[in-house]
Amino acid sequence: MSKLIASAAIRGAHQARNTAKERFEEALEKFGEDQVVELPNTAYYLPVFYGMTGQEVETVGDMRKIFDKVDQLLPPEPDQDLWVPYLGHTLDAGMATLFADEVTESLKYLEDPLPYRTEEDCPMEGDDFWLGAADDIVFRKRGLEFVDGTAPGFAAIVGSAPTNEIAVEIARELQEKNLYVFLIGESGGKSIAEQLREEGVQMGWDNRLVPFGKDTSSAVFALGFAARVAMAFGGVQPGDYSRILNYNKNRTFAFVMALGEVTDEEYARAAGAINFGFPAIADTDIPEILPTGVCTYEHVVSMPKQTEEDKIHEEIVTRAIEVRGLKVEVSEVPVPVSYGPAFEGEIIRKDDLMVEFGGQRTPAFEYLRMRERSEDVEDGDIEIIGPDIDDLDPGSRLPLGILVEVYGRDMQDDFEPVLERMIHTYINEASGAWHQGQRDINWMRISKDGFEEGLRVKHFGDILHARLHQDYGAVADKIQVKLFTDEDEVKKWREEAREAYHQRDERIMGMTDESVDTYYSCILCQSFAPNHVCIITPQRSGLCGGYSWLDAKANYQIIPTGPNQPVDKGETIDETLGQWKGVNDYLAEASRGNLERFSAYSMVHDPMTSCGCFECIAVMLPQTNGIMIVPREYSEMTPCGMRFSTLAGQIGGGVQTPGFVGHSKLYISSDKFISADGGYERIVWMPKMLKDDVRERLNERAAEDGYDDFVSMIADEDVGSTEEEVLAFLQEVGHPALELNPMM
Amino acid sequence: MPKSNDRKTTDKSRDLAAQHMIDVAAKKDLSLVWDRQSAQAPPCPFGSAGMCCSICAMGPCGIMKEGKRDRGVCGATADTVVSRNFARMIAAGAAAHSDHGREVAEMFIRTARGEVPGYEIKDEDKLHRVAELYGIETADRDKNEIAEDVGRAALAEFGQNSGELAFIKRAPEKRVELWREMGIVPRGIDREVVETLHRTHMGVDQDYRNLMLQGARTSLADGWGGSMIATELQDIMFETPGHPWPTADRIPPRARLNLGVLEEDQVNIIVHGHEPLLSEMVVVASKDPELLELAEEAGASGINVSGICCTANEILVRHGVPVAGNFLQQELAIATGAVEMMLVDVQCVMQSLPRVAADFHTEVVTTTEKAHMQGATPAAFDEDAPLESARDLVRRAIENYHQRRAVDIPDISSDAVTGFSHEYINYMLGGSFRGSYAPLNSNIIDGRIRGVAGVVGCNNPAVKHDATHVALVEELIANDVLVVQTGCAAIASAKADLMRPEAAMEKAGDGLREVCETVGIPPVLHAGSCVDNSRILVALSEMVNVGQREGRLSLGDDISDLPVAGAAPEWMSEKAIAIGQYFVTSGVFTVFGVNFPTTGSEEFTDFLFEEYKDILGGSWAFEESPEDMAARMIDHIDEKRKALGIDRARERILFDMEMRRKIDTE
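Line by line, the protein sequences are chains A and B.
Going by this note's numbering, the first sequence wraps up at 744, each residue one higher than the last.
Going by this note's numbering, the second sequence wraps up at 1666, each residue one higher than the last.
If you are wondering where the hints come from, they were derived from the structure by calculation, not from laboratory data.
Accuracy of the hints is not assured; some may be wrong.
In silico PhoX-like pairs for lysine-lysine, Cα to Cα no more than 20 Å straight-line [claimed, not checked]:
| id | chain 1 | residue 1 | chain 2 | residue 2 |
| --- | --- | --- | --- | --- |
| 1 | A | Lys672 | A | Lys581 |
| 2 | B | Lys1169 | B | Lys1143 |
| 3 | A | Lys327 | B | Lys1662 |
| 4 | A | Lys190 | A | Lys214 |
| 5 | A | Lys3 | A | Lys30 |
| 6 | A | Lys3 | B | Lys1169 |
Take these sequences, add in the hints, and give me the full structure.
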């Protein structure tokens, strides 16, 4: 009986509104009309309200706008008899609840002490682990995973499981399905986040288990996240509610999982989520709404009506995924521990350590090479040269060399680094294993828990064999792995690996845009930013930092119909700007007419658009005759008067914005870095964190022009974050940008 | 005066309130429509087969299928005569709806100019959408400025001689292309009506295929022209039913229907006919404190306005004003003795009303210069001061209250939820933020809803009042077909309790019931008056459009692909034929009951019933019994489901990243 749900949700909406109103009156009293209210570091104000109405709420007084809308939306409860249609009313009540919840939750950020933490991951100890709203840094980083499909969606769990054990099982199963899990509210005084905490489960964005808040009103953070994804990556304008909601229905595969009793207010929030196309699946016996339409399939499903009592929690994840219409592709990897991207962020602390390898503590390396002859590789052969870790004491160290050998008819040496770089991710995705670095500076750990579940060094071989076949089956026909733990063997093979690293570097260094006829496109992000197209050249990697020209080329050969397509340069239109006829033609088609021209080397004339995944944004600073570059991780004010999040909001979503460009960190030291606009000599400001990142490569590049430590001539936040301060500094150090021609 | 004929009361109407009043009237020797119907029996065989031609003075000619009377004096064949008569019915029906639309457009312009106190532009949202269809700029403009332009653009379409009507482009692209290929996109409204009259004049178009191209074009000038203009502009002025725009309450009106809505101790005013222009103001005037006080002084506890026919439907779906009955109840309402005044405007008003009223104190008032009636009081509706006109009339009704004698009001009425405009349907299926037809298409594809049927039209004393309507509708909903209704057909179902939401639990098939419960709707939706059939055209187009936008929800790319059907089971007026023809021309399979006016020519009838399937994708059909009608409609719906590949349960599609990339997010 949907009417029961409608009645409950509408009642709940009125309650949520009244709560918000009380909080608002209190805040008005305590802080006054003009008190600024904001969620941490976001350019999207209160994102659900901003997305739906386009209205910016910046102060306590501004919240009146919200209540006007809420009161307009709130419907009466359905009558006993001769009721009027209630589906529309219920959905409106749901949205009104989300608006009200944004008031309630954002006002919490005025409290002292702050009820939420502002970092990405929960501290290892203590009860103060609720993370609250994701700021734009977290949101953009994680949003990227929604874009490339590594996270197919999210589960918003409200309440708590009947036992801690079930809580862990459900969380683990969702993690294994690669979903983000948002943990919200409580049931019977207990929250599932607390249950996981009690069981020692690591939580945080890195683990894809994110505890928002113990009040169910914090569920609005999940929907604020969804609304921002549509605005940031989908290029949807704030206020274009229909597109924001449909975008989420069709792209963000999320659902609500209600564990424990469902209260009126929770029904109201579920109704809010249904507006986004996110259905609700409950483990209690509640009325169902099975007819389809607002969501892709069912709207409300009650597990006790679907299955036997003792199978409810065993089946709830599978059923939820089906109800949402989500196809989860899970890597089948033969290891005794959980495996998937959700475990990539797991941290292994010293105390939890069983054994570690490399990390400058023991000799180590990882090296993937192709073999010319089929008989040189025996597929699936995993060989350990030296002892495995069975007999070690906790906290031990061991050398480790990983040699992966690949044979394939379509394998090329160019693909070696592409495949090799995946070792990091593949090993990290095993629960109980941790990996950092690459080549001969790699560092790996196996935890005590992982060890107890049976994880051994040998499994690294199994993982690499399985995952490389899954992802690179088109080029890798046969894969074998040798794992060296014998120190002498490691050292011997490390020499060979180093020789190979060196040769690769030489080869890549020599590649220029002129040396190839074909570039590659990347339209991976079109799932979220349908008008955006990346063009990747040897000297300009993808703006997300994830894809070099070689990667794109390899990906194309591996999946010929995939998101990386060869683009023939064709006739050169303008060598300096980096415009080619073939590229422009491709662009017009792939962007569905959104873009006509593109300059590879200019941020002023037809600059490349952005999906929203950029590592950095470069912005002209007209007074200085130069540019500033701000990386995604930097959340403070910049000399252009905007923070990264605001800038990102302006140039994401496939818009060509002269004077602004999104790019990778690597591109900064490229010879082709805005070479049409004056090149790296234009760089006048970067935060210190970015300077540290690029110092070595950029100084090396600048040395060719005779600069000694060019990076030190670039202003940073210590110099100031206004153009005036930057300018004064430039004059002091005699920065070359001051002498260049005007940019525009 | 003929005595009550030999038909039993229970054979005249299925409606208990009507039955009661028929018996009351019989006791008083009042002649009613049923009596006159039997006095006319048996009907003229030439006329009922469409074979009587009286358009020139060489005749009249009664054409016979065989023998030497197989042609008229002028040489016209049966096919020609039948098709001419049929085309003329379309023209007359189109003229009626469109002339209504014209009046509305004129009033709309005057309203926009602020010349008509009491009228205003209420639904700005809809104003903007309609303005867009006319290519009228809306940004940063005052609503009245926009409205005046819209009104002028609409009014201009009546006299327009070339080009296309603006609303035509609301039809699916493929349908419009077909019309263009056939050359039947209306150029203007009046032009098509006039040309039909010309081409059906003696000795002009004598090839029924060619003539029916014009018949089809004229019908489109009605459905997508005059009727649609009437609906859209009335909505903007008088509120879109269901009040779906953001600042409104979004609560559709609930009301009572049937003779029991007449109040024994109140001044009863009935508005009857088809236009809401005056009745809107009568409703306002009836709430005037001054007049209420006057009523009280006259000994009445209030002023009760109710309606009959489509004037009733207009104010019912917008404001929840009660309905006293449908077409065949107009005389019966007066026979209750409780009606102080019956205001009639245009169409479907029986000339017998003043005669029935003569036995009571009821004053019958004609309210338009277009339609006077002997024995009725002509009261010109002052277009400059409609509220004043309405007040005067209400005052007169109050003054008439003391003349009232014995009163016999059957204590029978039914509740209904009404007001299912296209805009409200959008709202009710997704709220303010996700409003769309997607859930409708989705549930049709899933099979919970088998299809959608429009059951519309009149009452006809030749068949039992309301009986075919109700039996057909009940059969359809039991088979999971969602029913949308207008006109007297809608009133029939409401009186049979089918428009209460509870009816879904009592009478709908399991699938339809589940959807009704989810949305909170009755299984039978009241969409308004007979000009509001244009809402159904828009709704059908939207069902196609939803699928065009999201492939997973596709129900084909033309109206003729949809699992839908139409019916007018108890039709009687020329307007019904015009409506039927515009539905068929738009691609809908449409069944008529009672009698089909072309049976004199097998060839022409075959053209409408069979050949049309290939030409238009929609066709006419005739069935007498509601069971056969339902069977034909359900068969058609099932055929369409099969063609769409939704006749079997579909596999649940799970979306991987690749598939999600391909879904449009608009």
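Outcome of the hint check:
no.: 1; hint: A:Lys672 with A:Lys581; in the structure: holds (19 Å)
no.: 2; hint: B:Lys1169 with B:Lys1143; in the structure: violated (24 Å)
no.: 3; hint: A:Lys327 with B:Lys1662; in the structure: holds (15 Å)
no.: 4; hint: A:Lys190 with A:Lys214; in the structure: holds (9 Å)
no.: 5; hint: A:Lys3 with A:Lys30; in the structure: violated (40 Å)
no.: 6; hint: A:Lys3 with B:Lys1169; in the structure: violated (38 Å)
Hints 2, 5 and 6 from the earlier list are contradicted by this structure; the remaining hints agree with it.
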